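Listed below, chain by chain, are the residues.
Number of protein chains: 2
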Amino acid sequence: MAASKCNRLCGPLIRELLDSVESVLFDCDGVIWRGDQAIPGAPEVINLLKKNGKRVFFVTNNSTKTRKMYADKLASLGFNATEEEVFGTAYCSAMYLKSIPHLKGKVYLIGSNAMKQELQSVGIEQVGAGPDPINGVQSDWANVPLDPDVKAVVVGFDEHFSYMKLNRAMQYLSNPECLLVGTNTDTRLPLEGGKAVPGTGCLLKAVETAAQRKAQVVGKPSHFMFDCVASQYGLDPAKTLMVGDRLDTDILLGTNCGLKTLLTLTGVSTVADAKEHQQSGCPKRLGMVPDYFVETIAELLPALQG
Amino acid sequence: MAASKCNRLCGPLIRELLDSVESVLFDCDGVIWRGDQAIPGAPEVINLLKKNGKRVFFVTNNSTKTRKMYADKLASLGFNATEEEVFGTAYCSAMYLKSIPHLKGKVYLIGSNAMKQELQSVGIEQVGAGPDPINGVQSDWANVPLDPDVKAVVVGFDEHFSYMKLNRAMQYLSNPECLLVGTNTDTRLPLEGGKAVPGTGCLLKAVETAAQRKAQVVGKPSHFMFDCVASQYGLDPAKTLMVGDRLDTDILLGTNCGLKTLLTLTGVSTVADAKEHQQSGCPKRLGMVPDYFVETIAELLPALQG
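So the protein lines, in turn, are chains A and B.
Under this note's numbering, the first residue of the first sequence carries the number -1, and numbering increases by one thereafter.
Under this note's numbering, the first residue of the second sequence carries the number -1, and numbering increases by one thereafter.
Hints are computed from structural coordinates only; laboratory data are not their basis.
Given the structure is predicted, the values throughout are model-derived calculations rather than measurements.
Please note: incorrect hints may appear among the correct ones.
A pair holds if it fits inside one copy or across any two, identical chains being indistinguishable in the list.
[As the list claims (entries may be wrong)] Okay, derived cross-link-like pairs now, DMTMM-like style, lysine to aspartate or glutamate, Cα gap no bigger than 25 Å in a straight line:
| # | residue 1 | residue 2 |
| --- | --- | --- |
| 1 | K212 | D246 |
| 2 | K212 | E157 |
| 3 | K193 | D130 |
| 4 | K193 | D147 |
| 5 | K48 | D17 |
| 6 | K193 | D145 |
| 7 | K212 | E274 |
| 8 | K193 | D138 |
| 9 | K71 | D138 |
| 10 | K48 | E82 |
| 11 | K52 | E20 |
| 12 | K193 | E175 |
| 13 | K237 | D289 |
| 14 | K212 | D271 |
With the hints as extra help, turn the sequences into a complete structure.
Quick look at the structure:
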């Protein structure tokens, strides 16, 4: 019932919620850290959850790091975490491609070296990583040499994104059998101090516009992201809590997959945003209303220490 | 009446239509030429129209050439034409910016050297033309030095489009007073042999997504494109014919501005496309139904020679 949602999580409710779940999924940026700084108290929360027998996973749309790179960052900030608990879109995109029967071939990658590594680690060869400068004239661009083994175009965050990459993706996608996969649709990467830079969603929109078709998106709020964790660890959705700072990705993923949801206010979305969705009466927007909210996940600490 | 539209222009109808107009606006690519080849008979049609006292204008969404460059191309293909008869979006964007009161400042340009020249020729300084390679890390990108005199971001076709340009546009546009102007929204540039490369529409979509706002578009089907010609030459819409190969730009512009419209089948759109719009019953789509169609504008020749 919508009216019972979007409650402040406090007092005995906290332990009640934690007792009702076996697994907790955390988004990273804006939830357990901001940039290169841990949210104060977050490492203690994660470490105590595990000590209390909960399974913890890190579920992020950011495609610029491998599982290993995330595990290293988590460790350096004081989180007790392993590579196998990390589900970023670089890794999940590789898993998605592996999950497609008969996709025997290479990937044309608009993305980071981390994505290249995750693809390689599941045996998928890529072409395209790195800069791709422009040369020649329009007729040359339309006739760029294409690798006949490419069966999918994958778009993630790529600081080397360029007109030539956009063109190459379009030429590959002129074959209707070539798949188009996007890591995520986040339009901005928020940084410290209210600043931001363009996110993967902008690059994906350019490719979708050129190719005149929609991408299969791997990242939150797509079901696949949860399925990826759930299938490996046998998660029970009803006994899983999704914790995130974005209503349109984290909370919507939780709703889409039947999880309990907790919004934390250390990132992008506000309680006002959530209430607006709640009062809209629009079924699609109700999926973005969390069950609970906290100012910061540090508010879970007392219940875990008690 | 919709039923009386989309008729094949032939026989005595041709002279009747031509007698009813004083001015004829031609789209270029797919109408009077394809790539670097004139449509057979097109130069004779244009030259005879003028000899018969009609005013002729060339109205193109392509932003990669100055008026001078178009006049040179027209001359080299046998068209009797002057710079002043050419209205491309490079020139019209400059005119659009000049038309905005109190816009005293520079433009951040994602676009060609031709756009830079057209801006300069009306006294508007630009920054941004040419390559803009990526350096540093995310926090550097969010803090790129911005020119405080920039009052508008203009997006046209730019083969040097890159993540850094997208980012710079977004940083300028984080100031809500900075305007966002796009030359056109064509998603593809069609080339010979059914090939194509990504058009300005893809780049504009990326910038709009990052900036989280819509651009003011100068090119067809925007009213501004016709106003630009009409205000300089005192055109009477009811006595003006728009000839084009695209329903969604050329024909829609004509409808939007109260012109007579003629579709030619040497380019992108087909009669089947037009009939589909006609039968849709959707008011928005009816604007894309031409009054008449011809296989090629060469079919106007006999009426002009007679």
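A quick look at each hint next to the structure:
1. K212 <-> D246: both (19 Å within a copy, 21 Å between copies)
2. K212 <-> E157: Intra 22 Å, inter 24 Å, cutoff 25 Å: intra and inter.
3. K193 <-> D130: between (28 Å within a copy, 21 Å between copies)
4. K193 <-> D147: Between copies only: 21 Å across, 40 Å inside.
5. K48 <-> D17: within (13 Å within a copy, 85 Å between copies)
6. K193 <-> D145: Answer is between; shortest inter-copy Cα gap is 17 Å, intra-copy 39 Å.
7. K212 <-> E274: Answer is between; shortest inter-copy Cα gap is 23 Å, intra-copy 28 Å.
8. K193 <-> D138: between (39 Å within a copy, 11 Å between copies)
9. K71 <-> D138: Intra 43 Å, inter 20 Å, cutoff 25 Å: inter-copy only.
10. K48 <-> E82: within (14 Å within a copy, 74 Å between copies)
11. K52 <-> E20: Answer is within; shortest intra-copy Cα gap is 5 Å, inter-copy 80 Å.
12. K193 <-> E175: Intra 39 Å, inter 18 Å, cutoff 25 Å: inter-copy only.
13. K237 <-> D289: The answer is within: 14 Å in one copy meets 25 Å, while 64 Å across copies does not.
14. K212 <-> D271: This pair counts as between: shortest inter-copy Cα distance 22 Å, intra-copy 27 Å.
This entry satisfies every hint, going by the numbered hints stated previously.
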